[in-house]
Amino acid sequence: MSSLHVTFRVGTAEYAINASDVLHLESFTEATHVPGAPAFVAGLVQVRGKLVPVVDLRTRFGLAPIERSLDNRVIVVKIGTRVAGLLVDSSREVVKLDESTFEPPPELLDSQASGYVKAVTTQAKRLLLVVDVPRLIGEEVLHA
Amino acid sequence: MAETVDLREFVGGFIAESDQIVASATAGLLEIEQANVRGELRAKTVRDLFRALHTLKGLAGMMGIQPIVELAHAFENVVRAADQAGGRLTARAVELGLMTVRAIAERVRAVADNKPVAAAPEALIDELARVDSGASTTTAASGISTGWDRRLSASERQQVAVAVDAGRTLYTLTFTPSEQGAARGLSIATVRPAVAKLGEIIKVAPRAVPQSAEAPAGLLFDLLVISDATVAQLAEAIASTPDHVEPLVVSAAAQLPVLPAADEEVAPIGRSFVRVELARLDDLQEQLSALVVSRFRLERHIAKLAESGADVRALREIADVQGRQLRDLRRGILRARMVRVAEVLEPLSLLVRSLVKPGVKEVKLDIDVHDSELDKAVADRLLPALVHLVRNAIDHAIEPIVERERAGKPRAGKIRIACFEGAGNQLELSISDDGRGVDRHAIARRVGKPLEDDTALLDQLTTSGFSTRATATETSGRGLGMDIVKRITVRDLGGELSMITDVGAGTTFTLKVPLTIAIIDVFSFECAKHSFVVPVATIEEIFDLAECKRVEGPSERDRLPITLCERRGRPVPVVSLGTLLRLGQPASNATKALVVRRNGEPLGFTVDRMLGRHEVVVRPIEDVLGRGPGVAGATDLGDGKPTLLLDLVELGGGITSWREVLS
Amino acid sequence: MRDMVAACLRPIGELSFEFAGSGLEAIERLALSNYELVVLDLNMPDVGGIEVIEFIRSQDKLRTLPILVVTTRGDDASRTRVLEAGASGFLAKPFQPEQILAEVRGLLSNA
Numbered sequence: 001m002s003s004l005h006v007t008f009r010v011g012t013a014e015y016a017i018n019a020s021d022v023l024h025l026e027s028f029t030e031a032t033h034v035p036g037a038p039a040f041v042a043g044l045v046q047v048r049g050k051l052v053p054v055v056d057l058r059t060r061f062g063l064a065p066i067e068r069s070l071d072n073r074v075i076v077v078k079i080g081t082r083v084a085g086l087l088v089d090s091s092r093e094v095v096k097l098d099e100s101t102f103e104p105p106p107e108l109l110d111s112q113a114s115g116y117v118k119a120v121t122t123q124a125k126r127l128l129l130v131v132d133v134p135r136l137i138g139e140e141v142l143h144a
Numbered sequence: 001m002a003e004t005v006d007l008r009e010f011v012g013g014f015i016a017e018s019d020q021i022v023a024s025a026t027a028g029l030l031e032i033e034q035a036n037v038r039g040e041l042r043a044k045t046v047r048d049l050f051r052a053l054h055t056l057k058g059l060a061g062m063m064g065i066q067p068i069v070e071l072a073h074a075f076e077n078v079v080r081a082a083d084q085a086g087g088r089l090t091a092r093a094v095e096l097g098l099m100t101v102r103a104i105a106e107r108v109r110a111v112a113d114n115k116p117v118a119a120a121p122e123a124l125i126d127e128l129a130r131v132d133s134g135a136s137t138t139t140a141a142s143g144i145s146t147g148w149d150r151r152l153s154a155s156e157r158q159q160v161a162v163a164v165d166a167g168r169t170l171y172t173l174t175f176t177p178s179e180q181g182a183a184r185g186l187s188i189a190t191v192r193p194a195v196a197k198l199g200e201i202i203k204v205a206p207r208a209v210p211q212s213a214e215a216p217a218g219l220l221f222d223l224l225v226i227s228d229a230t231v232a233q234l235a236e237a238i239a240s241t242p243d244h245v246e247p248l249v250v251s252a253a254a255q256l257p258v259l260p261a262a263d264e265e266v267a268p269i270g271r272s273f274v275r276v277e278l279a280r281l282d283d284l285q286e287q288l289s290a291l292v293v294s295r296f297r298l299e300r301h302i303a304k305l306a307e308s309g310a311d312v313r314a315l316r317e318i319a320d321v322q323g324r325q326l327r328d329l330r331r332g333i334l335r336a337r338m339v340r341v342a343e344v345l346e347p348l349s350l351l352v353r354s355l356v357k358p359g360v361k362e363v364k365l366d367i368d369v370h371d372s373e374l375d376k377a378v379a380d381r382l383l384p385a386l387v388h389l390v391r392n393a394i395d396h397a398i399e400p401i402v403e404r405e406r407a408g409k410p411r412a413g414k415i416r417i418a419c420f421e422g423a424g425n426q427l428e429l430s431i432s433d434d435g436r437g438v439d440r441h442a443i444a445r446r447v448g449k450p451l452e453d454d455t456a457l458l459d460q461l462t463t464s465g466f467s468t469r470a471t472a473t474e475t476s477g478r479g480l481g482m483d484i485v486k487r488i489t490v491r492d493l494g495g496e497l498s499m500i501t502d503v504g505a506g507t508t509f510t511l512k513v514p515l516t517i518a519i520i521d522v523f524s525f526e527c528a529k530h531s532f533v534v535p536v537a538t539i540e541e542i543f544d545l546a547e548c549k550r551v552e553g554p555s556e557r558d559r560l561p562i563t564l565c566e567r568r569g570r571p572v573p574v575v576s577l578g579t580l581l582r583l584g585q586p587a588s589n590a591t592k593a594l595v596v597r598r599n600g601e602p603l604g605f606t607v608d609r610m611l612g613r614h615e616v617v618v619r620p621i622e623d624v625l626g627r628g629p630g631v632a633g634a635t636d637l638g639d640g641k642p643t644l645l646l647d648l649v650e651l652g653g654g655i656t657s658w659r660e661v662l663s
Numbered sequence: 001m002r003d004m005v006a007a008c009l010r011p012i013g014e015l016s017f018e019f020a021g022s023g024l025e026a027i028e029r030l031a032l033s034n035y036e037l038v039v040l041d042l043n044m045p046d047v048g049g050i051e052v053i054e055f056i057r058s059q060d061k062l063r064t065l066p067i068l069v070v071t072t073r074g075d076d077a078s079r080t081r082v083l084e085a086g087a088s089g090f091l092a093k094p095f096q097p098e099q100i101l102a103e104v105r106g107l108l109s110n111a
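Residue numbers (our numbering), protein chains in the order written: chain A, 1 to 144; chain R, 1 to 663; chain V, 1 to 111.
Mixed in with the good hints, there may be bad ones.
Unchecked claim - Restraint-style ranges between C-beta atoms, simulated for each label pair: (1) 304(R) x 14(A): 45 to 51 Å; (2) 36(V) x 422(R): 41 to 47 Å; (3) 288(R) x 135(A): 32 to 38 Å.
Treat the hints as calculated values from the structure; they're not laboratory data.
All values derive from a computational prediction rather than experimental measurement.
Note that the Cβ used here is the ideal one computed from N, Cα and C, for glycine as well.
Looking at chain A on its own, in the form it has when it is part of the complex:
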């Protein structure tokens, strides 16, 4: 079966996230730094009247920070009752992915990336890493 996914770039890799987890995409200028919040949190932004924490995926994925650009997007996701933003280098398209082609990530990647990638798939000659959103927004922080 196939389902819609939003694709985005962080560093050189291309990722995918199930569109049903995505509320909307926002452009990004800056976030309000929150002292004492986890290091991978870029800060708070106000989206349609609500305060939303933004997870900087570059920091989350252990990449060096780069200068912000107009391509930066915040993907606002909703997991259960939680709403959070994912700051990505760019995000342009929504694609239909055939889930039967999803394969578990190589074990080494899985252990090095704390389970952020739940599947990999090659479609239309592109390698896409399907991310585990609850992990990205730190469900483990909640249960720590």
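Dock chains R and V against the given chain A, drawing on the hints supplied.
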């Protein structure tokens, strides 16, 4: 023994109220101190201060705590003299005032701790008796005070003289015009007849003042009135609080101004209602939050006890009961803040009546809101948005009778307002009309970009600057003020705005707003290039670092350095907020220190500069990722970006565990 | 008077009018909203026209607002008094539609 229990209960109330009065008196004195430096007058603050002291004196009197009565009384005399002389309090009087308030606070603490209360310091009482309050700087003119003298004609003066001879009371009412008021139909044109019903208006004079929160339009109207009505009635006529009603002294020797007693403010309206200032409910709510926090601590300790093997069943049972009681209390306070939506919408009927033109354009307003209720603070902010929507519907959406009949519609247009309580403590209000609807394609052509659906159309309509009169008429549109509607609904109230429109058939706007919001008074400041706000109520003092003696205290190499600043003969420990929050470079730019009281002791935080004072809506940070220690929420100061609300007292708790991160 | 002024100014195009019933109301509206021009009748209940002009000129945001005064008293002394108080233009009643149109056009283009 029952007597002791009763007293103890009463003591709790006394302490809570006294603490609050001490905090507001301190804030008032500091405000006056700052104003003095700038050469400005704070007459209203002086008046508030007088009332606060008066109330405190009464409370302490009831409790039989003589030293507090004496202290409050001595300073009250100073403030009263200043108030009568036009509201100027000298720097020395402010200084003594702060000492008095401090002395009172110490004695309140003693009562709380069940310790003996020290006598009032004689030296301070003596000095208060001698201090020049500032009264001598203003000499009341032979006639009427507050500058009326120069503004009256000979015949108006005569009117005053006759009234005073007859023993009647003269008042100066100060009406503050504002955009919000005007939207509710409150203007000098409506206020004047309302006041005229209560007495004789001798003169109305405009007064230009610097723009401020108290005078948003930079304009006040003074009404000189002879009236036998009560202060509360007069205040109601100008839709204001009693502090905008000032009884006048006519001849310097004749009589002293009669200040409205505190209980006059809570004027009974009808038998079973008490009008309560919203601020008091806010205080209650704040105290409730403190209670919730201490309950969490209690639970933590019970859990710890349980871990160490103790039998905590009885304790846990009490804690559970207390938890339910807290929830009930919270619900009770929320209920007390609620007003009926039907009542909130009343001005809209008047608005509709004033806008329709019988025989040309007729409109029926249909309000269907059942018994829904809404937080007063939300209602006050929401009403201007509803006024805009209804006005637009009548001006632009509903067609004239001729046009409606041609289209086979009923003669009179219909506007329907309905609401129901939605999920998540939200109220959903819809405003529908059966008018022209908004022509999406026409607007799309006008702005030169496609508008695929009603959501895109609404986004376009609510873009500020989009609304031009031409657009409004040309497209039978909804340009006017739609950006304001959106700002109120989304930014100010954290709600949602949506629209469905059908050309020829009508438009429905739906506003989802929270049933209740927290509004607090805050100071904003900058620290290491970040802006923050703190509740005014938690700040005991703000001082200039340059103006006090400072020494660097000793500290371990990796610990947070403490500076000691001398304030009123006492050392106050001060830490760098920027360093504590790890905001980057050590705050060598710091110019000011904010002082809070933690565990009864003063504690200062350095900041770079103060930005201002505002009333803001605080939003909770719902997701744990956005939270940090000492971060109590966030607000929008108008730039569309969140500004964090800090709890400095909680942050102070992190000082001892702070360690420098060695890179 | 109000409808007449509106009718006279129609040729200018898309203008929106608000009428204040007294001097105090005028002052209040000026403080609350933004206008491009004031047409002021000197003869008003409560506050006099001169007082309104003086108030307008005492306000920072209104200092440059064009004020066109309309009055039945067309003598030189009145004219001087009004212009000294800070009015930008002066028109004695009765006037022709073209006159007020020209005055308003002039004041709006100067602003």
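Hints and how they fare:
Judged by the Cβ atoms, the range 45 to 51 Å given for residue 304(R) and residue 14(A) holds: they are separated by roughly 49 Å. One distance hint, 41 to 47 Å for the beta-carbon pair residue 36(V) and residue 422(R), holds here, with the actual separation near 43 Å. The supplied range of 32 to 38 Å is met by residue 288(R) and residue 135(A), whose beta-carbon atoms lie about 37 Å from each other.
When the structure is compared with the earlier hints, no violation turns up for any of them.
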